[in-house]
Amino acid sequence: MMRLSHGGGIDRSRTLRFRFDGRDYAGHPGDTLASALLANGVRLVGRSFKYHRPRGIMAAGVEETNALMRLGEGTRAEPNLKATQVPLVDGLVAASVNCWPSPRFDLRAAHQIASPLFPAGFYYKTFIWPAWHLFEGPIRRAAGLGIAPGGPDPDRYVHAHARYDVVVIGAGPAGLQAARAAAASGETILLVEADFRLGGSALWRDGFDPDAAQVALDALPNVTILKRTEVFGYYDHNALAAVEQLEGAGPRQRLWKLRAGRVILATGALERPLVFAGNDRPGVMLASAAQAYARRFGVLAGKRVVVATNNDGAMEAASALEAAGAQVTVIDSRAGIFVTAAKGALGVKAARLSDGRTLPCDLIAMSGGWSPVAHLFSQSGGSLRYDDSIHAFVPDCAVQPVTVVGGAAGDLGALAIAPVWEVPGRGKKFVDFANDVTARDIAIAASENYVSVEHLKRYTTLGMGPDQGKTSNVNGLAILGALTGRGPQAVGTTRFRPPYSPVSFGALAGPLVGRLQRPMRYLPAHGWHVARGARFEEHGPWVRPTAYPLGGESWEAAALREAAMARSGAVLFDSSPLGKIEVCGPDAARFLDRIYVGTASTLKVKRARYGLMLNEHGIIVDDGVFVRLAEDRFLVHTTSGGADRIAAMMDEWLQCEWTDLDVVILPSTTQWAVLTVSGPAARDLVAEIGIDIDLADFRHMTWRTGRVAGFEARVLRASFTGEASYEISVGARHATALATILHSAGALPIGIEALMILRTEKGYLHIGVDTDGTTTPDDVGMAGAIAGKASDFIGRRSLLRSEALRTDRLQLVGLASDSRKLPVGAHVLGPDRASPGPSDGHVTSSVDSPTLGRPVALAMVRRGRSRFGETVHLYDMGERMTATIVDPVFVDKAGERLRA
Amino acid sequence: MLLIDCPHCGLRDEVEFVCGGESHILRPDIVASDADWADYLFIRDNPKGLTFERWQHGFGCGAWFNVARCTATHEIQGVYGMTEPRPVLP
Amino acid sequence: MSRYSLFSLARNALSGHRHWPQAWRSPEPKPRYAVVIVGGGGHGLATAYYLARNHGIRDVAVIEKGWIGGGNTGRNTTVVRSNYLFPESARFYDHSVRLYEGLSKELNFNIMFSQRGMVTLAHSRHDLDAQRRWANSMRMNGIDSDLLDRDGVRALAPGFDYSEDARFPVMGGFIQRRGGTARHDAVAWGYARAADALGVDIIQNCEVTGFDVGADGVTAVQTSRGRIGAGRIGLTVAGNSTLLANKLGFRLPITSYALQAFVSEPVKPMLDTVILSPAIGVYVSQSDKGELVIGGGLDHYASYAQRGNLPTVEAVTAGLLTLFPACSRMRMLRQWAGTVDVVHDSTPVFGASPVKGVYLNCGWGTGGFKAIPAGGWCLAHNIAKGEAHPLTAAFGLDRFASGAMIDEAAASGIAH
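Residue numbers (our numbering), protein chains in the order written: chain A, 30 to 929; chain B, 33 to 122; chain C, 9 to 424.
Among the hints, erroneous ones may be present.
[As the list claims (entries may be wrong)] Output of the computed footprint for chain C on chain B, the stretches with three or more beta carbons under 8 angstroms from beta carbons of chain C:
1. 47-54
2. 59-70
3. 79-87
4. 100-109
For the record, the hints were derived by calculation from the structure and aren't laboratory data.
Note that CB positions come from ideal geometry on N, CA and C, so glycine has one too.
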């Protein structure tokens, strides 16, 4: 192997240094890692997946099966890249995969000795006794190719969308000409090329000047060219996905999501190997690859070359190699003579022929014919047919606006191919180099009746390696066909799926990962809470204060202190995430009568009412207080997590089902900050900061507007703490100012955890915590509203089914325990107290009550409301405990405190 | 990746839309039998081929509308208003 | 049936592996069978096997439109688990796990059931509470479960983002240690080979075009290879259940969606357990071959196309990298989709159909693979005895009118 003194698209005036398997080498701009390795005489580049056979570079492009590399180091390392697709850059560091310590001395090369025991599907037939798991560990360690990077990726990835009238995929001669022709109409054209140079096969074949074609296209304003961009997916409605490799300091890759008026596929064709013994030896190469290395990269891959072919296409390679100075012998199977074996363990030394001769050589350039790259066409939904004139599958019927040109369409010139799918002779004849699948493996599959092409693929792993069968597909199914008396058309091919070649997960995910994956929503007064020392957690979509620990206090202790203050003084809770939806229009009341279990139409203006919402299955999906702002205007409060969902649900009912109702939905959660002042001292505190609402005439479950501390405000008397509460809504921009004023006036900020303690003491329901996807209104003791209601509402009919009427359903109750807080998620044991055994329910909420000085809990218990006073046994991850079933309201059953 | 013709906004990528499932399912009155109610809640045509379903341009104008779409090829054969009847298609 | 063993492998190696017998025959269909199973996936083949093995009914044909195991049996992420919330589901799926545990020996075919554990992650205190209920439910149902704290998860999955400002902090999780993965194709092939050895005819490339139904129920299937008489029929056609039900004149509570999965290029071992994050909407394991096997939620609209869509891949991948940032420079190698039959409560539709003599096994949603042994076991019982097996009695069509749903949406992990 050697670098030629002239020719090819490399810049010999500049030298690039690179390192492979710990040794330093040099190459030139214009090289790929593969061409530079060949130029340096490196033949052996890795070991194969299963048998750890020595392997060299087999191809010059995307179809490479052997030269898989780990590129880069540390967190920038990337496993399993094809050396043929890596442009050489200065300082590049690469290493072989799947061999240790080196490709030359690989300890697992012992697999070759045992290989007779490892034919296709061997693992289905053994490792059964005594148990699979005894064998699995070593097998896992032996499998796999490269080593995954160890840490987070330091690089960035971006996404982009674009629409073009015409997208041309592939910038070989056919694609360049198609782009030029399409551009004449004035349409917008995108030409996409995976390589870092335009030209495709014209970079190593005569007859077309790619540079002139590029100059012509560059002059056209309606043509855009993307290099180093591989289209890997063809989806519905002419959508394409491509990845662009970027250079420089910015993002590493860009995922293009393209929409095309029409697509022109000019993806060319790939040469196939010949299936003879030892065809995987380093120094056996596709003829076109040898030609490409000589013509495009100025590298002669061998000096004594045997060209083995079954078609005329390889004659061009033979001429090119000869012209570059090699001594070339052509062995043409059409003349009745085959290369039956490649000899030489770590590199080809000779070719054995069917006539008994042995030809010394250092390169076997093989051509088993050509396969059009029809992957994207197949992905688009188009069908393929087997073309007997070129012995390959070609695009047949399109179902999307796509045309195929050039080699991809089967336009390969006169090949005069006469395939011999499996060359006679003994020895390992590889069909799929990437997964070490041999012709014998296919024969085994056929004899065992794995004769569907999908069974063949799955049983032998043919075509499932990192190259996804680009060179093995046709050879494999033709050999299967020959064994089963079918032609390739009858055997058929598997449908191609994205990606055409592997795509990094980073590019697919794009920029919205980690902190950006799902946006965090912060309260309008977030900074104020930070300044108060709040500890935050995410609740539903919102980042909210859990508690405000003081000094070295734990958040749990802080929550108890805060809850106690709510029962004795005045506290401030930031309720801003509370869902707020204004429901407006002449039919607003009728609409809400259908939405709520309860009745809205009887509510008086400025009054509020608690309501449950169900889905059509009768299951509780949300709850909250709704207010009649005016005859034709309601303010619906939802749970914080339910705000978006409930607004969407209302909109869907109005637009799709009840189109006769004149109602408008106005989601307004984030327009308002809601600061709730609660506790026995709440009223005095609100009075102190200045309010123009008559507090003497402002009862629980009523609503007023006015000015609070100078801010225009809506104030609702409703309570989730069980104490008298004022929910003060002001414009979101005033949140911090009002919080400061309330705090200065003596309101202690409390977090979610204190609120949960307070509401649990009161037995107030927390949807999604005390309820789940099975809970009906009666289960939580709220069916009373239904009996008196005449009209239908969402979910009502489902409550009449036998399941909803069962008398042994789980019901919301309190659980009193003396000693310790019951674990949420503990189960109530059935009558025979067995575990495992039937469950009689579970604990849903549990707190240490600062008010009562003992733990209290809520639970869903079978027939719970009829079992008050009963002692039950509970089970929690191996432990048992007891508790007494009680009324779920532990504090202020009469509700005197909240009406104060 | 579907390209959907929102009646208000024109052709947009599917990621802007929400699919609401089969359309033209009549909600029975409260007096419906258990079987009829179960039909309404659960039973779907689920055809392999042309289906009529409702979509919302959720990340756009917010409108719900009907789409006639093939579940085998994903081809969209028409878009029509929420209250319009199923179109007759070839 | 010629037995597989290390010895048989060595003996065949001596003869160059030229004399392996067929794993199953490809017979011409007979004019009539006592039982015809429509659908040659895992469930259908297992049903045929258990009809012969448990009930002595060997006059059975499995007819398959394409090639056996080519539907969802060969398109899933191979997870086997019984970490369900409700006793009806737990009992059924655990029977399946127990059958899986002995299946390689039972079938003399290595299905590579690897009990490497199934972890469900908790990312909030609410998740921890909900999972405690769940783990306790499993134990109440007699199924192994353990709670894990953050360090417990970290020991099993060291590559995840455990930093302080992680978007979805890993706060713990729970594990079913008996959960794991199996080689999906091997399950189909193993059942096929064993059923064939008991006399079952497996007839591929045979598409059902209709049914003959008389006054006493079903009498035959019409197929692309002619009429085949049938005493009773089992329908095990995930992804086509509605279409065959329509040919029989009834409708089903099913909508069919595309469910995608994808794998990375093979790398050396980096993840030993199956990990699910319901909050992020992604699950991941590593196959014995070294590929990361990744899945997430359904595509968003009904589809029979058996192909997936890019936006779902983008979303699942973004979730994967948020949880498991070390994968960013690894690459997606293959991606595929199956058509899954989704039922409102994520519980199968099983047992007697409205047509006498026809028995259903459908509605598995995203989780049919793990159910294959028990699904076959119970359908065989149902067909042989004419009454539901106790393990599937709650899965009947009648639950939709009564409202007795078994809502396993929570237990199925990924919302759909």
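| said: Checking each numbered hint in turn, tell me which of them this model violates, lowest number first. | reply: none
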